[in-house]
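Take these sequences, add in the hints, and give me the full structure.
If you're matching positions, the sequence shown starts at 5 in my numbering and goes up one per residue.
Simulated from the structure, these hints should not be mistaken for laboratory data.
Where is the CB? At the ideal position from N, CA and C, for every residue including glycine.
Hints are supplied without guarantee of correctness; some may be wrong.
Simulated DEER-style distance windows between Cβ atoms [claimed, not checked]: (1) Phe275 - Met106: 40 to 50 Å; (2) Asp18 - Gly244: 45 to 55 Å; (3) Gln112 - Gly172: 14 to 24 Å; (4) Gly361 - Glu140: 45 to 55 Å; (5) Asp364 - Val16: 48 to 58 Å; (6) Arg141 - Gly361: 37 to 47 Å; (7) Val283 - Leu365: 22 to 32 Å; (8) Gln360 - Val85: 35 to 45 Å; (9) Arg274 - Gly172: 46 to 56 Å; (10) Ile379 - Phe275: 12 to 22 Å.
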Amino acid sequence: MLAVLTGDKNAVIDVNSRRCIVAIVYLAVVGPCVFILQPGFIQGLVEYLGMTEQQAGQIAAAEMFGLATTTVLLSLFAERVTWRNVLVLCAAVCMFGNFASMGQSDPQTLGIIRFITGLGSGGLISLTFTMAGLTERTDRNFGFIVSWVLIYGAVGLLLMPSAYHLVGMNGVLAFFGLFCASAMYFIRFLPDSGAAHIDSGNEKHYKSAIKNISLVAILIYNVAVGIVWAYLFLVGLEAGMEEQAVANALVASQFLGIAGAFLAVVFESRFGRLKPLMVGIFGGAASIYVLVGHLESAGFWLAVCGFNFLWNLSMPYLLATLAEFDHRGRIVVHGVSMQFVGYAIGPYVAAQLLTQGGYDLVNTTGVVLFVISAIVILPGILAQRQAQNF
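Here's what the structure looks like:
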């Protein structure tokens, strides 16, 4: 069975072929399929399973800690494992984890199951992002990944309120399980390792300190994302909006996020990486600050749409920046681990801040961390700009 799913071990896979890139993008969507719908997922835990906001946030954080655990482990051992075998195992863990979550209402039990599910998700995300980092047109291909993740997210957030009413939480979890199972079909089209795809001829050499500082920036940025993203649905409800109205705003923001990511696909490195990143990070911080203080429907729409557009404009350039440091894909693996460690820490920090100062404190903390991340990423961007005139 494993041989059927992983394909011919002796086949030569061109990582730049259309079939391979489609497979990379598909698995990169499956990996974060729950996280990208996290506001709706948390709302489901609160509204339909009767959990408190803190319990729901902690369950989301547990899944992200599982995801982060695998990305960290693969950042250390990715070069020593057979990628397709690991991907089959991870897809199976995700599938069974989502099915096992059905019918669970105890926060501790569900937290453990979601942690295990996250272990599988982390493998899918880490290896597919590593493969994307090995391709020739990294800015474009990371833009494709982010765009399709957001298309999935837009459709998912639009349908989640209706899905809850029609099939309940168990039906939504069943979909997640089947979606993860579908990933197994595409694994045969992916490389088994990165050794055959290294292009070291044009690789520049950067100081370890520059690489490490850039990784810290990725961590800080994604802690901020994790903090503000987890409770956006509930922030809209607190502003007096109806459930479907909040879902509509988040769906609209997803489509604007697609537009932001698509700009990276269209422009690639035409305007360098410094300008898009600074606009994306500082603009995203400004958008989230709109949520602080008295909030009405128009302000919520402005905040979530601006944030999603600029967040997803930034991400392809952040990931491509890491890929530029090391054409073997190792820094991208480390960066993905930092990304999802941030996503794991974010909801947990937000849950603690919520008890101290409500949503205003949560969102203000996110704004501050966005600004810090922009400052910390500067040395890496400027070093690349000097080396390659980006």
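Hint check results:
1. Phe275 - Met106: 40 to 50 Å: Check passed, 47 Å falls within 40 to 50 Å.
2. Asp18 - Gly244: 45 to 55 Å: This hint holds: roughly 54 Å between Cβ atoms.
3. Gln112 - Gly172: 14 to 24 Å: The hinted range 14 to 24 Å holds for Gln112 and Gly172, with Cβ atoms some 21 Å apart.
4. Gly361 - Glu140: 45 to 55 Å: Since the Cβ atoms of Gly361 and Glu140 sit about 47 Å apart, the hinted range of 45 to 55 Å holds.
5. Asp364 - Val16: 48 to 58 Å: With Cβ atoms ~56 Å apart, the hint holds.
6. Arg141 - Gly361: 37 to 47 Å: holds, 44 Å
7. Val283 - Leu365: 22 to 32 Å: The hint (22 to 32 Å, Cβ to Cβ) holds, given that Val283 and Leu365 are roughly 26 Å apart.
8. Gln360 - Val85: 35 to 45 Å: holds, 42 Å
9. Arg274 - Gly172: 46 to 56 Å: holds, 47 Å
10. Ile379 - Phe275: 12 to 22 Å: holds, 20 Å
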